[in-house]
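*Asks:* Each chain, written out:
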Amino acid sequence: MLREYLEKLSNLDGISGYEDDVREYIASCAAPYASEMITDALGSLFVFVKGKESPARPIVVAAHMDEVGFMAVDITGDGLIRFETSGGIDPRVMIGRRLRGGDKKIKGVISLKAVHLTTRDERAKAVTVGKLAFDIGATSAAEAKNYISIGDQICFDEEFSDFGDGFWAGKAFDDRIGCAIALEMMRSPLPYDTWFVFTHGEEIGLKGAGPAARRIDPGLCIVLEGSPVADITDIPLHKHAEKVGEGPSLWMMDAGTIYCRDLNRRLKAEAEARGIKCQYHLSSSGATDGGQIHKGASGARAICISPPVRYVHAARGTVKVSDAENAVKLANLALEIGGKEYV
Amino acid sequence: MFDIFELQKKLVELALPSGFEKNVGEYLASLAKPYVDEVYTDTLGNVICHKKGNGKKILFTAHMDVIGFMAGYIDDKGYVRVMKIGGHSDTNLPNTPVRFESGACGSVHQDSKGDLYIDIGATSPEEAMEMVQPGDVAVFDTPVFKMGENTICTPYADDLICCITLLLCLEQLKDSENDLYFCFSVQEEVGCRGASVLGYNIRPDLCIAVDIGSCFDEPGDKVRTIRLGGGPSVGLKDNNLYDLIAIREVEAAAQRIGAKVQHEISSGGTDAGVIQRAPGGVSSMAFSVPLRGIHTPCEIYNTEDVKVLAEVLADLAVNSK
Amino acid sequence: MCEIFELQKLLSSNASLSGTEYAPGKISDVIRKLAEPYVDEIFTDAMGNLYCHKKGEGEKLMFTAHMDVIGFYVRSIDENGFLWVDGPAQKGRLINTPMRMSDGRKGVLRFDPDGKAYIDVGEQREFKLGDTAVFDTPTRLISGGKRISTPYADALASCVVLLLAMRDLGSCPRDIYFVFSTQEEVGCRGAKTAGQVIRADMAFALDSHGCGDSLESAKNTEELTLGGGPAFRFRDGKFIAHLDTNELLTGICDRLGIKHQLCIHVGGGTDATTLQEAGGKVNSIGIATRYTHSPAEMYQVSDLEDVVCLVRELCRRKADV
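Chains as they are written, first to last, in the numbering used here: chain C, -16 to 326; chain R, 7 to 327; chain E, 304 to 624.
Any given hint might turn out to be false.
As the list claims (entries may be wrong) - Below, simulated DSS-like cross-link-like pairs (lysine-lysine); rule was C-alpha separation at most 27 angstroms, straight line:
{"no.": "1", "chain 1": "R", "residue 1": "LYS83", "chain 2": "C", "residue 2": "LYS251"}
{"no.": "2", "chain 1": "R", "residue 1": "LYS119", "chain 2": "C", "residue 2": "LYS226"}
{"no.": "3", "chain 1": "C", "residue 1": "LYS108", "chain 2": "C", "residue 2": "LYS222"}
{"no.": "4", "chain 1": "R", "residue 1": "LYS152", "chain 2": "E", "residue 2": "LYS431"}
{"no.": "5", "chain 1": "R", "residue 1": "LYS83", "chain 2": "E", "residue 2": "LYS562"}
{"no.": "6", "chain 1": "C", "residue 1": "LYS90", "chain 2": "C", "residue 2": "LYS114"}
{"no.": "7", "chain 1": "E", "residue 1": "LYS312", "chain 2": "E", "residue 2": "LYS357"}
{"no.": "8", "chain 1": "C", "residue 1": "LYS108", "chain 2": "R", "residue 2": "LYS119"}
Hint data in this document are derived by calculation from the structure and do not stem from the laboratory.
My request is simple: use the sequences and hints to build the entire structure.
*Replies:* Below you can see the structure in the form of structure tokens.
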């Protein structure tokens, strides 16, 4: 069901704080397996699924529901919408994009004036968010306000699809792929009781994760993410971080967490013995919910499993199907081994 | 009697970067054990040495992790790319000798674009992988030596000398009503992560983080705050605002034993800053060993400052009400 | 036990700055003791050059390896005890290096905000203008024993070559001088005198030659690599080798099956530059070395062994070869 979950999740819109539709869908998929479901005050969803045994301390599998996107902050007299980013987005990936905003999902575009009308100096300068506008074809503020209000979310207007030679493409794979993997995990009998936590607000600073940690106080946390990979031409090999097609990655460390190396190495060896391709993520930038969870309560061991996703935090990312499928297998293995020895 | 120089050398041999404190933790636990009622380790690896009492709950911390490197990508010539653990200033690093936990030795360098790598003298990735795996960690491999009777130069005075200070305090500790926690914390250098868990679990009445304070007594220092040999330093503020109650406690203890202390306002953070924000809030401050050359392979401290700090802590532990 | 490693360690820990090599107890004395059992006579000159003479009939053959190293000397001492020094102070490559003073006491090399170099010696006092300081970083056998990371491969590794080459040579059809020269690092001054003193028919200057195979340079500034064998610099900015000697060196290597490498260096020189002034056919033989003039130079043990074989064959080959 991985593809089905991912397709639906990727097509749903939900920036930080606006995860309702995503949460609703996840909750409906999880309901048949859950013995308990809680939504906390910040909007994070907690799904308790019973497994064969009770672990020594609670186990959390975490994926965040929010995607990076934009928020309308002002509507100008001539019907253009000024916006801010929600989460980290490079302004260069916004130019020329189609987006959809507000409850009505009105379609529009962020763009620059035609190249014919620019000067060389203008073309040489980096564009800043403050200079951009979301254009929905309205010609007055009144007209625009029929469709969108200040504070509304605006997301990349993309539809999920199969792509290339065994890939999927779509928006928000960071971290809808993690959510999809988590839902897929629930469908098989679990070795241990597990809290699947779908967090709010990861992209704006791991906001939901800390409170989630204090609610559950886990001994082990398995974070599911979509890894940034830079394995494209003219970037030196040592900056690639990982390689598409080599399986899901296990993160060694990032800006927020030093992941449990013992468990990582155990998993890698075990996975290889079982023919599950996997690799290490060899970059230390970025952060995951693990950063707040491992230290947020009385202490948890943390690992992060993620299939490589090209072009994260841009409109459309791609993931190799086999990497995603292997991520499910690896996550299940992590639950099995981690739940036994690393809680 | 703990010998500062010998212990510094021993701890430098054992210490590893944030996240990998197991070896040094076991050693410190074994040294502290005779002086306390129980020693235990939490999930992140913090070593807690608890001397039970019914009075005030006081938490002392010193962190046992150090800054260092983690092996990342190994290239086709056998060079090891690194991920930095902790706050390094890249200008401090070229040509620094380093040592991996596997024993493989090499040196840090910058490539032509300024990115760091470690040369372990391998000429192929196969040769390199026999010595170092991605994820292996490395530390500075520079000597520990004296520069006069009371001056020691070493890698990782931050924060191993403060771990030693806690041991010096323990060995002179008199019986106390107070409920004392001497904690060797983990992962301070990457954001006081171990302290987060200590605060959550222990919820003390008072917290004193023993860390190092940068001296400003070297050539070119314009604002002269604390100096080597001027006595241990009471931190008023760094990136955290320390609590006056805690500060006065330390000053009172110093006064009782006639110890001279310095005061500093600086930057950075310590375990005390994080524990201060534990649920319920904790009265916290940082009490430091003055240090030159922080986060370089050659840090310098004065052993008299260390001894006085230990004596002040020992008095406070007993007499704080 | 790796004898090359032990010898490198011994020499590096007795490293002496240009101009102080021949002071009592310094590097010259250390080398003399090691050479004594293997040669017929040893003498010095006013420049401090150490000549180890293996007597024989036939052409006069001379090898030099410089025993001085780069370092610093004390230019002034301020009221806080900091030693302000002069020397090849490159902030980017030498910051925070442990140093050893001429009397064995230790310090740390640092730079003030204007980039001026000083040595922090802690509480130690009673230093004098003109006192010298050398790198005190460790000599380590790395990469499974294949390579050595050390201060002063340049040119103490070349001294090691001569010390090993001179052993048990048997009778050779020539008169051989192994000369440990002085003041190479400040302009090959010792060799200039040594050349005149010996007036050899053929002379070879041994030294470390910088590799381009690390990631520090954007492209190979030298074509040399660790493990490429003896390096022949047939010309550099100040020296052009005698053509006969080029053929001689490559011929011997081919005959003995020793891989060798060639390079042309743009910049300055080796003892070969000044040796040539005395007449005679001169060439240079190099040990490929990474990170030259840093406290962590690196070379391959087998390269040094190959140079030893080459030197011994130069000594023993038949008279007409």
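*Asks:* Are LYS83/R and LYS251/C close enough, with their CA atoms no more than 27 angstroms apart?
*Replies:* Distance ~25 angstroms between LYS83/R and LYS251/C Cα, so the pair holds.
*Asks:* Taking 27 angstroms as the top limit, are the C-alpha atoms of LYS108/C and LYS119/R close enough?
*Replies:* Given pair LYS108/C, LYS119/R holds - Cα atoms ~23 angstroms apart, limit 27 angstroms.
*Asks:* Is LYS312/E close enough to LYS357/E, meaning Cα to Cα at most 27 angstroms?
*Replies:* holds, 26 angstroms
*Asks:* Please work out if LYS83/R and LYS562/E have their alpha carbons no farther apart than 27 angstroms.
*Replies:* holds, 20 angstroms
*Asks:* Between the alpha carbons of LYS119/R and LYS226/C, is the straight-line distance 27 angstroms or under?
*Replies:* Given that 27 angstroms is the threshold and the Cα spacing comes to 23 angstroms, the pair holds.
*Asks:* Are the Cα atoms of LYS152/R and LYS431/E separated by 27 angstroms or less?
*Replies:* holds, 20 angstroms
*Asks:* Between LYS108/C and LYS222/C, does the CA-CA distance stay at or below 27 angstroms?
*Replies:* holds, 26 angstroms
*Asks:* Holds or violated: LYS90/C and LYS114/C, Cα atoms, limit 27 angstroms.
*Replies:* holds, 20 angstroms
Going through the hint list in order, the structure satisfies each hint without exception.
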